[in-house]
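Chemist: Here's the letter readout for the chains.
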Amino acid sequence: MIVFTLNGLEVQIPEGYTILEACKFYGIEIPTLCYDEGLSPYGGCRLCLVEIGEEGQTKLVSSCTYPLEQELKVRTNTKRVINARKMMIELLLSVCPSSKTIQDLASKYNVRKIRFPVRNDDCILCGLCVRMCKEQMQSGAIGFVKRGYKKKITTPFNIKSEVCRLCGGCIYICPACQLRCQGPAASTDVCNACLSLEPTCIETHDDYQCWMGTTGDCGTCEGRPDQIKKKK
Amino acid sequence: MTTFLQLAVKEHINEEVRLKQYRTHLLVCAGTGCVAAGSFEIKKVLEKEIAKHKLQNEVAVIATGCNGFCERGPIVVVQPDGIFYQKLSAEDIPFLVKEHFLKGRPVQKLMYIPPEEEKPIPKLMDIGFFKHQRLIVLKNRGRIDPENIEEYIAFNGYQALEKALSKMRSEEILSEIKNSQLRGRGGAGFPTGLKWELCRKASGNGKYVVCNADEGDPGAFMDRSILEADPHAVIEGMTIGARAIGAGYGYIYIRTEYPLALKRLKIAIRQAKEYGLLGKNILGTGLDFSVELVQGAGAFVSGEETSLLAAIEGKVGVPKQRPPYPVQKGLFNKPTNINNVETWANIPQIILKGAKWFAEMGTEGSKGTKIFSLVGKINNTGLVEVPMGITLKDIIYEIGGGIPKHRSFKAVQTGGPSGGCIPKKLLDLPIDYETLKKAGSMMGSGGMIVMDEDTCIVDVAKYFMNFLRDESCGKCLSCREGTQRMWEILNKITKGQGTMQDIELLEELAIATRDASMCGLGQSAGNPVLSTLRYFRDEYIAHIKYKKCSAAVCKEIISSPCQHTCPIDTEAPQYIAYIARGEFKKAYEIILKDNPLLGVCSLVCHHPCETKCRAGQGGDPISIRALKRFAVEYGNGKSTGRKKKTPTGEKVAIIGSGPSGLTAAHSLTEMGYAPTIFEAKPVAGGMLVLGIPEYRLPRQILNEDIRRIIDAGVEIKTNQQLGRDFTTNDLFERGYKAIYLAFGAHHSIRLAIPNEDAQGVIPAMQLLTDFHLGKKIKLGKVVAIVGGGNSAVDAARTANRLPEVEKVIIVYRRTRTEMPAYEEEVNAALKEGIDIKFLTTPTNVTTKDKKVTGIECINMELGSVDESGRRRPIPIKGSEFQLRIDTLVQAISEQPDISCLGEDYEFNVSGWNTVVVDNTTLATNVNGVFAGGDVIRGPSTVIQAMADGKKVAQSIDRYIKGKPIEFTYTVTRPSIYVEPVKLKVEEVFDTQRQEAKQLSVANRNKNFKGVDLGLDKKSAIREAKRCLRCDFEVKELDDKKEKK
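Those sequence lines, one after another, are chains A and B.
Just so you know, we're using our numbering here: the first sequence kicks off at 1 and counts up by one.
Just so you know, we're using our numbering here: the second sequence kicks off at 233 and counts up by one.
It is worth saying that the hints were derived from the structure and are not from the lab.
For every residue, glycine included, the Cβ atom is placed at its ideal position computed from N, Cα and C.
A couple of the hints might just be wrong.
Stated by the list, open to error - Listed below are the simulated SDA-like cross-link pairs for lysine to any residue, each with C-alpha atoms no more than 20 angstroms apart in a straight line:
#, chain 1, residue 1, chain 2, residue 2
1, B, Lys355, B, Asn380
2, B, Lys547, A, Gln70
3, A, Lys146, B, Phe964
4, A, Lys146, B, Gln527
5, B, Lys561, A, Gln70
6, A, Lys152, B, Asn698
7, B, Lys669, A, Thr58
Said to hold, decoys possible - Among chain A residues calculated to face chain B with C-beta under 8 angstroms, some are:
#, residue
8, Leu60
9, Gln70
10, Met87
11, Met88
12, Lys113
13, Arg115
14, Phe116
15, Val118
16, Gly148
17, Lys151
18, Ala176
Unchecked claim - Distance windows between CB atoms, simulated:
#, chain 1, residue 1, chain 2, residue 2, range
19, A, Gln136, B, Pro450, 38 to 44 angstroms
20, A, Gln136, B, Asn388, 58 to 64 angstroms
21, A, Gln136, B, Asn565, 21 to 27 angstroms
Next comes chain A alone, as it looks inside the complex (with noise of 0.2 angstroms):
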């Protein structure tokens, strides 16, 4: 048993848990993205923050991919951590301005204005979709290519690949593919108005795979440059 301090308490938990599932376990929140119980552990997308350590020489470390120590001293929602996951949620908006959940996110963490110039890039680099695909679905159709600014999530060549069995799987698992926020103000606010979840692609569209076909019938992705082009 791992014995650690969770918040000021003093709590135990099995070996080979990391900061998360311990904190799942006693009821603590800790908003995630990049997270998915059936699948392996990443850390990219920065929410799921702890602070740890004695204090004067804290540091924050994502909770997902952080295996648990004997005497941790783990604290979770401390300022330094609030105001790291309020900014990761802003840089969130900016490029996914319209994802319904990162905007429930945002309205939680009362995160009210972009002061970042907003794109459009329907896609957070979580990686959900390419651990999906490898780990749950064998398949490995998809990838990250390039790095930093330029890193995105593709096909190898960017071509229809030959291993993806359109399963949707993909599609599926994404939380930032969903119908765009048609709310009437402007785009760099956060307009919180859409009250019910809209259904994700899969469920409007089960049948046409855009993300691996490119149909174009949801609408999101015409016209984009980076759009797999159809295997002839």
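Based on these hints, arrange chain B on the given structure of chain A.
Modeler: Frame of chain A; chain B shown alone:
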């Protein structure tokens, strides 16, 4: 079985024997810098020439690793005498070989001459760059052939390995390293011994040691040079480490971009294997250890240890969560010890000489030496190894030789893109891991980029952020988007489109990026922004609020450096273009638009525009002032009679008719006001007429400028002195709505030495003023002037022209480099036969009958650099000497004479007697009273005084209209784009600067004729055609924006 000892005996090579075989060794630097400069070619020619003279059995030519002094490549060091030849070309070699190696006469002209000096320094060890270094890791640099293991062995190579394997148990090796307190040289400074111990204790077989040679910082080449100069040291260190840790296999992860290092490593590994120093049963001690090279494909993030391991495993180089740390679960899930090249290269020395020896060097927390690559705006670019704890000042000034072109030092970036900027005020910082961290930077691998005043700090931050956004692996949102967004904001600021909120946002984002990212790259990605904001926030604000880039770098703000740098926004590129087109009248009008004193400026302006001129970065700057002189002379059409305007607006009083008062008055008339200038002296012009001698500024040119200003509707009342004839309150009562104090700084400061009140001591300003007002002044035969500013040189050159004066001496306490007077003035003074005693200061005035008979002086030497970036003069004891003189002139500096403000003035005044004003509005603390020029700055420049005058006119306008005094600032743009002339091919290549003709020295004797004779038509047009027209680059950008 071959033991190491047997091997050494068998080969029987040691330094003595090896060097005896040849009379002379020529060590040709074959490090990357010198190779790029052509050292392989030098080596070939050397060998050929030596063979030609049949010296091949006496003189050996050896290609070594990087010598360090890359600035001076290609380099050849002659041993055993230690003579240092630099900047060689293939043409120099035949002469060199014949002279030095055949006739035994070292060639002076190929030796190193320090900047500012004339005498060459023949020996390597006497050169400042080498003298202050301490070589441990780099001890073999420039000394052995890195491709020959025997040379390494000859200099105690592999002895540490032998000692470690045959005489030490692995625990002993470990404790030796721990006791040495060596810390990782890759950047973070983790204790090496502790890391080894953790790895040794980790459970599991098949441990690995890894050498991180993925050095990727811009401007860093430490690891590269070690591998190129001494690859065996790294292999030896790794083998010792493997023994201590219990590893059987090692990897060196090296960038493919380092072909020479790679080649030499490959050779070294092959040779070590041949000699039984790698492989199975090393030296018969039962240790099996092999090393494999892995080439990285150019990803900065692969220098991060978890990414590096992923890359060795054949995966994408992306960081992983630590823990588990590599020492627990590293390469192929086995315990793995990763150290940087420099750390590994330290190991053999520590084993050989002991932990105690090593721990004696450096500071409390950081032991040993550190290698830095010194690059950027520094005289001696190169690779230096210094003990920890050395100050930045020592590295930059003693080893680095200071900043080129007399520019002033601004900051140094340590730790590469993830490090931070360290400003001038921290030059005394002793360098170690902790102090650098505290200063907001980091040690990093040891890149040191020096920046001078021509480096824009926002632009630097943008550059590093651009690097980081490109090199971020993109896994963490915080790093991927954080660096991208920071870059976007910085880019916006450098375009002059930033807002004050952007600074806040930048700071917030930088902190979030640092906090939220997984690996070292992201965690330090905020540093360039945070450290520059910490020390140079003013510069960010200048870009955002005032649209000013003082370094004249951010092109979308500055348009052209000359126009942006000019305090009164003169459109230099446009009038230069008109001159090139032959339209001189238009050129004149462009100048006149912004400058009512254009005649004056065309002769005496200190032309900051030329200092920043882009043509001057690689060659000579355009003679902008001479071109202005030309335009004024040729473009000013015939006067069509005077038409004096009578202004009708509100009355404004201006105290002082110097450049600031005249400009303010002129600007006010343009706004419809009726300004009156009150001048204490009988003539108008202030310092222009009282201080600047006629040979610099002929009075007819000055009077023409003043006449133009009077014609614009300005009234000038002479012999009206503030304090004597009226007070500021009187002026308000007489109906003046606002007052501008611009009475200059005419009071010379005393020297503060004994007997200064003796007869024959005269303040420089009094001398000049009296002379220019036609009063009689009495000077002796020998006149000494103390000081190094423009008033000192003006006084000296004036005195020199007087018939009764036979000899003029200027006494200045620093050297010519530090002299604040304009270079052209100092040159002219020297030409005219004035004796300048540098590094001399007077201590006493000797008198007889209360008359000056001489001064006692003492010689000075330059000590360490002070806060102004100049070396502080220190008296040399026992160097006192007597100077026989008849007149002593005090000219060290001037202050405003504030006695005119009355005894109980209500103005805020500084300790230097300058009036304190609000910097943006020039308003004093008294309502309705403004001040500018030398009154607020102390002795400054004509153009600065004029700029204050222009600014104050706007302030007064707003004040009188009852509007809040605030301004909107815009980016610099010309009012019109003048099409450039088409150049012929030979004109494109004509880069010769045309200087204004000067009156010959003989014709200047004892008269006050103007010295500057200007350019003739042909050379003016030729000079104007050299202009690079920087403004067009921005025009293209603007046009593109408009199209969008």
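Chemist: Going through the earlier hints one by one, which of them does the structure break, listed in rising order?
Modeler: 1, 2, 3, 9, 12, 15 and 18
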